[in-house]
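S.K.: Those sequence lines, one after another, are chains A and B.
Counting from 1, one number per residue, gives the positions in the first sequence under this note's numbering.
Counting from 231, one number per residue, gives the positions in the second sequence under this note's numbering.
Derived from the structure by calculation, the hints contain no laboratory data.
Note that CB positions come from ideal geometry on N, CA and C, so glycine has one too.
You may find that some hints are simply not true.
[Said to hold, decoys possible] Every beta carbon over 10 angstroms from chain A, so not counted as near; a handful from chain B, in silico:
#	residue
1	234
2	250
3	276
4	301
5	311
6	317
7	321
8	331
9	398
10	445
11	467
12	515
13	561
[What the hints assert, rightly or not] Label pairs and their calculated CB-CB ranges:
#	chain 1	residue 1	chain 2	residue 2	range
14	B	233	A	20	57 to 65 angstroms
15	B	294	A	45	27 to 35 angstroms
16	A	48	B	449	48 to 56 angstroms
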Amino acid sequence: MIDLPPEAWEALTLSLRVSLVATLAAMPPALWVAHLLARGRFRGRWLLDALVHLPLVLPPVVTGFALLLLFSRAGPLGAVLEPLGLGLAFRWTGAALAAGIMAFPLIVRAIRLAIEAVDPKLEEAASTLGSSPFRVWRTVTLPLIAPGLLAGATLGFAKAFGEFGATITFVASIPGETRTLPAAIYAFLQVPGAEPALAGLVGIAVTVAVGAVLVSNWLAPRVAARIAGR
Amino acid sequence: MLELAITRRVGGFTLDVALEAASGVTAIFGPSGAGKTTLARCVAGLERPDAGQIVLDGTVLTGPGRAVPPHRRGIGYVFQEPRLFPHLDVRANLLYGAPKGTDPGAVARMLDIAPLLARRPAGLSGGEAARVALGRALLRAPKLLILDEPLAALDRRRRAAILPYLERLRDTGTPILYISHAIEEVARLATTLVLLRDGKVVAQGPVGDLLSDPEVAALLGPDQAGALIEGVVAGSEAGLLRLDTALGRLEVAGVEAPPGGKVRVRIRAEDVIVATRRPEGLSARNVLPCRIAALRGGQGPGVMLRLDAGEGRLLARLTRRSVEEMGLAEGQDVWAVLKTSGVSRMDVGR
Chain A
1 MIDLPPEAWE ALTLSLRVSL VATLAAMPPA LWVAHLLARG RFRGRWLLDA
51 LVHLPLVLPP VVTGFALLLL FSRAGPLGAV LEPLGLGLAF RWTGAALAAG
101 IMAFPLIVRA IRLAIEAVDP KLEEAASTLG SSPFRVWRTV TLPLIAPGLL
151 AGATLGFAKA FGEFGATITF VASIPGETRT LPAAIYAFLQ VPGAEPALAG
201 LVGIAVTVAV GAVLVSNWLA PRVAARIAGR
Chain B
231 MLELAITRRV GGFTLDVALE AASGVTAIFG PSGAGKTTLA RCVAGLERPD
281 AGQIVLDGTV LTGPGRAVPP HRRGIGYVFQ EPRLFPHLDV RANLLYGAPK
331 GTDPGAVARM LDIAPLLARR PAGLSGGEAA RVALGRALLR APKLLILDEP
381 LAALDRRRRA AILPYLERLR DTGTPILYIS HAIEEVARLA TTLVLLRDGK
431 VVAQGPVGDL LSDPEVAALL GPDQAGALIE GVVAGSEAGL LRLDTALGRL
481 EVAGVEAPPG GKVRVRIRAE DVIVATRRPE GLSARNVLPC RIAALRGGQG
531 PGVMLRLDAG EGRLLARLTR RSVEEMGLAE GQDVWAVLKT SGVSRMDVGR
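Looking at chain B on its own, in the form it has when it is part of the complex (with noise of 0.2 angstroms):
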């Protein structure tokens, strides 16, 4: 359990945060220049606080007159760029921070770099470097993990190839800080969900919670909401995959999954349309009923809605203008309409 409250100012800009961070993946989400690097700098100890302690597991790392160095803070740290050593090949750059006598078998087989070992990090695919830096700070067995932004210097495709990896991770139980200012990756990876503007927590809790909540949705900025939903898959046929939701039955299509797996799916608040009766004749295969639990309009022509069905949440961003010639108010009973393409290959993962 992570545990800090610092401030650090750099510049004109000024850090101030207060956070806990429990088992799981928490993710510090923002925009760039939010102060991300720099709270997972100070964490590991590469950047001093001006004031304030950072405690992990009840042992002080940094506070008032005490500043443990970074290799005895026992945190793991994969930086945006691998920064594997070039004198060392994959082997010896796996086991470089592990105990002795460690074998890098299971982790190399995990991340499917067991046949690079012999070979020198100059001669690897950017995606192949990105998974030995994993594999590297996994070895040495850390008590904490950062991960700051470890798939930006990649392009879209290896991403989405990374990620899958970054799911076994977190599967291992290693607590994880996982900086991005990628919902989608935050969608899929994270337990709990910190927002970071300018240099202060805005929201932090549960990611599902968060993600659906309308005013949440406001500062991650229109086109970036989506909620997300937690599935079992209970079967599939002809590309479709049929999830079973706390929304009820969601059919998705472009993706695979074991029968019985979890998958989380987010889906976009903008692929979400919004009817007051039944429609019929609609190629759109998920027709859900929910209720308007919240509708937040903000200052330009868009209208967040919350809907609610069961225990499941959705978001549906509309036009001001539908909503007021449809009539919506909260509490109303309406039909969420939603494509089985409307969930893109990057926003389904496990």
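Next up, chain A with everything else stripped away, as it sits in the complex (with noise of 0.2 angstroms):
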């Protein structure tokens, strides 16, 4: 086992917290999205695909920052939360909402790539077997995307796990509370003679990362078989 400061531990328990909330949080909302992007047919579609690549594309801090704006106590979120005792900012819970936004379009574009590969036609034939809508997408669309699923559930937690940028802008960097793996990177970075503990850190986030794509990457031609039958 690598030998590692309890405040390192504390950042890879938090990081793996955080992210598995981040991941589970975002999944609902990702799969709504996806259905929409990949079947609905209505105006502003092109925008709604813009906005849910928008965190991709932005500078991380950008991103972090307009969290701050929305959620802190003066913002117009913070205000409405802060007094609930549900307030995000330089909270774990922040740190969980920054890594779940920047994983949102990776796992909505896994999902959709599984919705668009599903052949409509087996849904049409489902309906004429007496299956409702609900059915249908229970009991065809589900198993069929459900690899899709997991590979965007891999790629979205690693990707969290991996968030730094929009993170330390919102929660900022405090220890046990909001100071992931890469923040406590970043940390001991600045700390003289902490290099053994900084290249265990590197080492599991290399790990992670890594883990995650080789998963994905396992998983994808799984889907592809499962809808091809093979």
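Make the complex out of the two chains shown on their own, each in a separate frame, by following the hints.
M.R.: Below, the structure is given as structure tokens:
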């Protein structure tokens, strides 16, 4: 086992919690948006498409700043949430929100590709076999896109795990509360003689990132195989 | 009983049909682009007509201000492609639309797919997949079954192999709307024939009557024309099947059927030879006395003859030249000559 100082372990467990919550919370809206983009025929679809991709192209610090403006005590959303004890600014939940938003485009993309690969003719056949639109979705669409959902979640988790810019702008880097693994790496960089701990954290970050991509790549052909029925 | 009168415009094409389909197999026959599939999809609720209504067994499915969604119509639909669910095995595919607790055994045996129940659709041949799709639609216990060219994606040999299963399906008594552009399928399966062309019904009636009508034959195209003869197997010997038909005794080759079994045979108009005297010293084994009931010449070099023998009817296609030289006319007694092999395997069914 790598010998790491306690604050490094703290950053790792916090990061795991933040990315897990971020991914799980992002999945339902991502599924919904992916459906709209893959199947929806409505005005303003291009706008939704652009909006979803925004976190991918904006400088993360700008995304973090926007979140700060919205959720700070004086911000329009923060003013409502803070008195309820649900404030996000400078909390780990805020870190999860920032990570979730940054991961959102990747998750939507993976799910959207899976939905687009489902043959609508199968859904039509299911409806002639007596299935309501919801049952068609549950018994045909969902099983066929399940590997795509997993792939999206894996990629999203990796992205959330590595998120730095938006997070540190929005919730700063408070040890034990918002100092995620990337923030901890940055902090250790400022400390002389912290090279061993730094190396350990970097190793973990690389392992998680590479592992997620490998899992995602392993799942991707299985989406295709499942849909082709091989 | 299905009653409909609908119009639907798609691009520059207009479907405007009114028809009734009682029990048995109602074949919607026409060339591609005639509007057959649009009609079928409107009946199933997959498309909405612009106007008109569709009534099944007294229930309005489509009408002014009313559109029952496909899953509540109780109509089974077999598409051109099998459309099996790739993530389910054959058993789960068969039971997908079936009422809870249904045993797929009997239907699976009827369609010879019982050994495939544990297989995935991707491992099936085209013919097997087509049979699973038939079984799946049938197990849903539909009030009406729409078969939309279920054989179109198969090659000729597989088509011939599936037709007997469609005959079994017909014999279950489920009313069937059979969409096809292949006359031999229609001749084998249909009780009622609806001829569709350019979005309009140009003829409809009992299939036997329509197929032996020279006017209808002209609509089908001369090489598609041929009368439908129903017969009972009297016996067989040396590879020849003896049939008792309304025309008299017929011998056909290349077909097997048990004695006493009912058989329908389509005799193509091109395969019938007409003689004014009883021919002798001829290898053809079917020589039938008949009377020319109708004679119809078109624009082309051919003339279509309806020959009646008792209750039976034949169609014969001759050249205008022959008709003139032989002096053939309506009401004349002639002999129809038919080779035993003049009936192709595709054209014989139950």
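S.K.: Residue 250 (chain B) clear of chain A by more than 10 angstroms, beta carbon to beta carbon?
M.R.: Given a closest Cβ separation of 22 angstroms, the condition holds.
S.K.: Per the stated criterion, does the least C-beta distance between residue 467 (chain B) and chain A lie above 10 angstroms, as a non-interface residue requires?
M.R.: Since the minimum Cβ distance to chain A is about 47 angstroms, residue 467 (chain B) lies beyond 10 angstroms and the statement holds.
S.K.: Evaluate the condition: distance from the CB of residue 276 (chain B) to the nearest CB of chain A exceeds 10 angstroms.
M.R.: Answer for residue 276 (chain B): violated, closest chain A Cβ roughly 6 angstroms.
S.K.: Beyond 10 angstroms from every chain A Cβ: check whether that's true for residue 398 (chain B).
M.R.: Residue 398 (chain B) clear of chain A: closest Cβ-Cβ about 21 angstroms, beyond 10 angstroms.
S.K.: In this structure, is the beta-carbon distance linking residue 233 (chain B) and residue 20 (chain A) contained in 57 to 65 angstroms?
M.R.: holds, 59 angstroms
S.K.: Checking a non-interface call: every C-beta of chain A should be farther than 10 angstroms from the C-beta of residue 317 (chain B). Is that right?
M.R.: violated, 5 angstroms
S.K.: Can we trust that residue 331 (chain B) is non-interface, i.e. its beta-carbon lies farther than 10 angstroms from all of chain A?
M.R.: Consistent with the label, residue 331 (chain B) stays out of reach of chain A, its closest Cβ about 15 angstroms off (over 10 angstroms).
S.K.: Report holds if the minimum CB distance from residue 311 (chain B) to chain A is greater than 10 angstroms, and violated otherwise.
M.R.: violated, 7 angstroms
S.K.: Residue 294 (chain B) and residue 45 (chain A), beta-carbon distance inside 27 to 35 angstroms?
M.R.: About 33 angstroms separates the Cβ atoms of residue 294 (chain B) and residue 45 (chain A), which means 27 to 35 angstroms holds.
S.K.: Is the claim that residue 515 (chain B) lies outside the interface with chain A correct, judged by CB distances over 10 angstroms?
M.R.: holds, 48 angstroms
S.K.: Non-interface claim for residue 445 (chain B): all C-beta distances to chain A beyond 10 angstroms?
M.R.: holds, 36 angstroms
S.K.: Taking the minimum C-beta separation from residue 321 (chain B) to chain A, is that value above 10 angstroms?
M.R.: holds, 15 angstroms
Violated hints, in rising order: 3, 4, 5, 6; the structure is consistent with all others.
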